[in-house]
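J.: What follows is the residue order along each chain.
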Amino acid sequence: MTRRAVLLALCFAAIACRRAPATRAAAALPPRPSRYELQLGKEVYQQYCVGCHGDAGGGDGFNAFNLDPHPRDLGDRAFQKSKSNADLADAIRRGGAGVGLTALMPPWGHTLDARHIDAVVLYIRSLRR
Amino acid sequence: MSLQRLFAVSSVVFLAVLAFTPAKNALRPYRSIQREFRRVGAARAPSAKAAQQYAARPIAIQQIWLPDLDNRVDRCTTCHLGAADAAMAGAPEPFRMHPPTFHTPRDFARFGCTSCHAGEGLATDRADAHGTSPDSTSPILPASFMEAGCGRCHAGDSVADAPSLSRGRTLMETSNCHACHAVRGHEDFRADAPPLDTIALKTGGEWLRRWLANPKAVDANATMPNFQLGRDDLAALSHYLFSREAAPELQRAVAAAAAEPAGDKVRGKTLFAASRCISCHTVDGKGNGSAPELGKIASRATRGWLIAFIRDPHAFNPRTRMPQYSFADADVRDVVAYFEDELRDFDAPANILEPLRVNQTLAEKGATLFRSAGCFACHTEVKEGERFGPDLYGIGDRKATSLDFGRRADLQRTLPAWLAAKITAPRSFADGLKMPTFAFDDEQKRDIVTALLAIPAAPVPAAYRSAPPVQASIVPAGPIGELVSRYRCLSCHQIGGRGGDISTAPLTIEGSKVNRDWLVKYLGVPYSIRPILPERMPILKIPKDDAARLADAIEMLYVDPNVPTDPFAARPASDRDAAEGERLYTTFGCRACHIIGKSGGYYGPPLSDTHTRLKTGWVFRFLQNPQRWRADVRCPNYGMTDTDALRITAYLDTLVERKEAAQ
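Chains as they are written, first to last, in the working numbering: chain V, 1 to 129; chain X, 1 to 663.
Derived by calculation from the structure, the hints in this document are not laboratory data. A portion of the hints provided could be inaccurate.
Counterexamples of contact, computed for chain V against chain X with all Cβ distances above 12 Å [to be verified]:
#, residue
1, Glu37
2, Ala56
3, Gly58
4, Phe62
5, Asp68
6, Asp76
7, Ala78
8, Lys83
9, Leu112
10, Asp118
11, Arg128
12, Arg129
Taking CB as the label site, the calculated pair distances span [claimed, not checked]:
#, chain 1, residue 1, chain 2, residue 2, range
13, V, Arg129, X, Gly406, 41 to 49 Å
14, V, Arg129, X, Lys521, 43 to 51 Å
15, X, Arg321, V, Asp55, 42 to 50 Å
16, X, Gln53, V, Gln47, 51 to 59 Å
17, X, Arg427, V, Asp55, 35 to 43 Å
18, X, Arg190, V, Asp76, 48 to 56 Å
19, X, Asp312, V, Arg129, 39 to 47 Å
20, V, Leu101, X, Ala89, 49 to 57 Å
Every residue gets a Cβ at the ideal spot worked out from N, C-alpha and C, and that includes glycine.
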């Protein structure tokens with residue numbers, strides 16, 4: 001009888017002491033872009049943006065000197081701080097003219113789908129100096 | 001008494017076993033993970049009601065069953081509960097939402113998880129599911145090689161959204177991997193390596209020794225890998241190659257060229273630059289790099305060979321990508337005089353081009369080596385089934401335990417690590433291995449391993465296979481085909497699914513795009529349409545007759561019925577349309593990339609001569625959707641209305657090349 005009780009107690013103890021899950025909710029943290037998204041964003045940036053905005057986003061691509069106003073320095077801290085991801089995506093989608101700036105920045109909403117635009121926004125975030 | 005005791009003990013054991021089974025189920029890790037998901041979900045839920053739903057989620061195994069896809073059962077979503085849940089974007093693993101790809105989240109039910117990621121779909125325990133032990137039949141794909149998953153279903157060299165896989169597949173072709181290793185879909189592969197009968201006419205014993213010892217050290221553009229040959233083997237191979245005899249007419253051509261008077265090096269230098277040889281070659285690293293470096297060319301090939309080769313490259317190598325320039329005899333002498341004056345190796349010994357006096361014994365030894373080292377695999381025609389190296393069928397599904405790691409105790413026991421080491425230092429595994437060493441950088445290695453991991457043991461069911469549409473590639477036989485071959489148009493341009501990718505202008509619908517008369521002039525003296533590109537159309541000195549015949553053929557054959565001949569057929573354009581078009585040109589910001597007159601950007605081609613160069617139907621259709629004609633065109637699609645596109649077309653059609661306008 002006591003042995004049975006001991007066995008049962010052991011079982012319960014085992015259930016109670018089950019491995020605590022390693023994960024903890026972290027709702028407050030902003031989503032960190034995955035490696036996949038950054039890679040995709042980089043490919044899109046290198047294809048469409050680099051000519052004017054430059055390799056590191058400094059607004060110094062080979063075509064930049066032809067443009068007045070100059071392409072935006074995307075790495076600038078103050079600029080990055082002043083724009084939300086949605087703002088950046090909107091400017092890419094509708095172009096400069098669409099957000100009240102220069103038409104020299106074309107709208108990409110008919111060329112790139114939302115997934116690519118979101119990825120390039122995440123990549124632009126990674127260019128912050 | 002003893003029977004009673006036995007009964008008591010066995011009943012206790014029985015009860016214990018009975019209690020253990022549900023306890024074991026209650027202890028399975030996925031249950032605690034699911035309970036954690038309830039908490040994480042409730043904390044992240046956008047509303048109280050949604051939070052309640054998370055909290056009330058039943059604890060149960062989740063699975064995606066795919067009877068049509070090898071009867072897969074993927075239980076990954078038992079733990080990865082937030083894979084398709086937008087509230088779980090950026091949540092900690094394993095609950096994080098799957099990053100948005102072309103197929104996710106919409107195609108989870110169609111493909112499951114393991115068809116892309118590999119892993120053991122049925123398992124509900126982390127180590128089993130991810131296949132972390134070396135004897136796992138299907139370890140999960142590491143993130144850096146993720147695109148290998150795309151390649152399981154997607155055939156073709158270029159897979160959208162999978163740049164690493166696409167680069168890897170292209171690299172395997174340009175590095176001639178298929179010349180030694182059989183891979184399905186590459187049965188007809190033939191390496192681009194030149195035939196070797198003319199070596200003795202071309203170079204000297206010392207240069208050949210240096211080249212065989214390490215091709216990349218001699219020429220950074222070399223595609224030939226390093227065979228790590230010892231001194232004796234180098235000598236034997238050199239003697240063998242010098243013992244091969246070139247065709248008598250080539251011998252005569254080279255001898256006659258060598259006897260010609262010296263050329264004018266100054267004129268040659270101008271001619272060399274004007275001919276745009278660096279659209280394929282490089283000089284001291286500047287240029288495209290798909291053809292040999294020319295910085296030291298005069299110490300690589302004899303004067304006679306250079307002159308004779310430039311005059312008729314296809315006689316020396318019928319498969320060369322080098323076009324036939326219609327140079328005058330003196331032109332070639334001048335170019336080679338420039339080579340001899342400036343483009344030579346000033347540190348090279350005087351005997352670098354001295355012919356080797358063949359030692360027959362060594363030559364015979366070299367002939368054996370030519371077979372046993374595998375040189376023949378690239379330099380001669382090899383049929384499928386006679387490939388020199390082991391086949392690569394199913395390489396992407398090889399179990400780590402079935403791989404021979406040999407001496408490489410330092411390696412992780414995984415397939416990707418083994419493959420990466422194989423293409424980095426193939427001979428480090430054991431003595432006597434024959435695979436030569438390539439000089440790939442880290443990114444290239446990752447790309448190639450990705451392409452290799454995409455080669456499955458058994459192909460996916462036909463319904464899941466996706467191959468790029470076969471594009472018709474018409475190159476007519478007869479005189480036009482001969483011209484296309486003579487000028488090697490396909491070395492740079494694509495026609496349908498064939499041809500190189502050096503030029504940004506495929507010829508598939510060139511006839512619908514450019515005006516015939518412009519094309520005749522352009523073929524005669526091509527100018528730079530895109531000044532920013534280092535690769536420009538070489539000046540092949542195509543005679544006027546040939547240019548006219550080519551232009552006529554292009555006008556007739558390479559057309560697309562979707563491009564209207566006259567977009568203004570229904571309503572002729574008025575002056576107002578053109579004026580409105582000019583306003584739209586400014587509104588859309590086209591000048592950011594295009595030059596008209598004296599101002600504009602350098603990204604796209606200048607448009608000052610649109611009327612002369614382009615057909616109105618093409619301009620109209622291109623404006624409507626630039627990417628329709630070539631997926632990687634950078635000109636954005638403005639989603640403009642037909643009216644706007646017609647107006648801009650009308651404006652651009654008023655732009656005539658200034659010289660013509662003045663006439």
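J.: Hint by hint, work out which the structure violates, then give me just those numbers in ascending order.
T.: Hints 1, 4, 5, 9, 10, 15, 16, 19 and 20 contradicted; others consistent.
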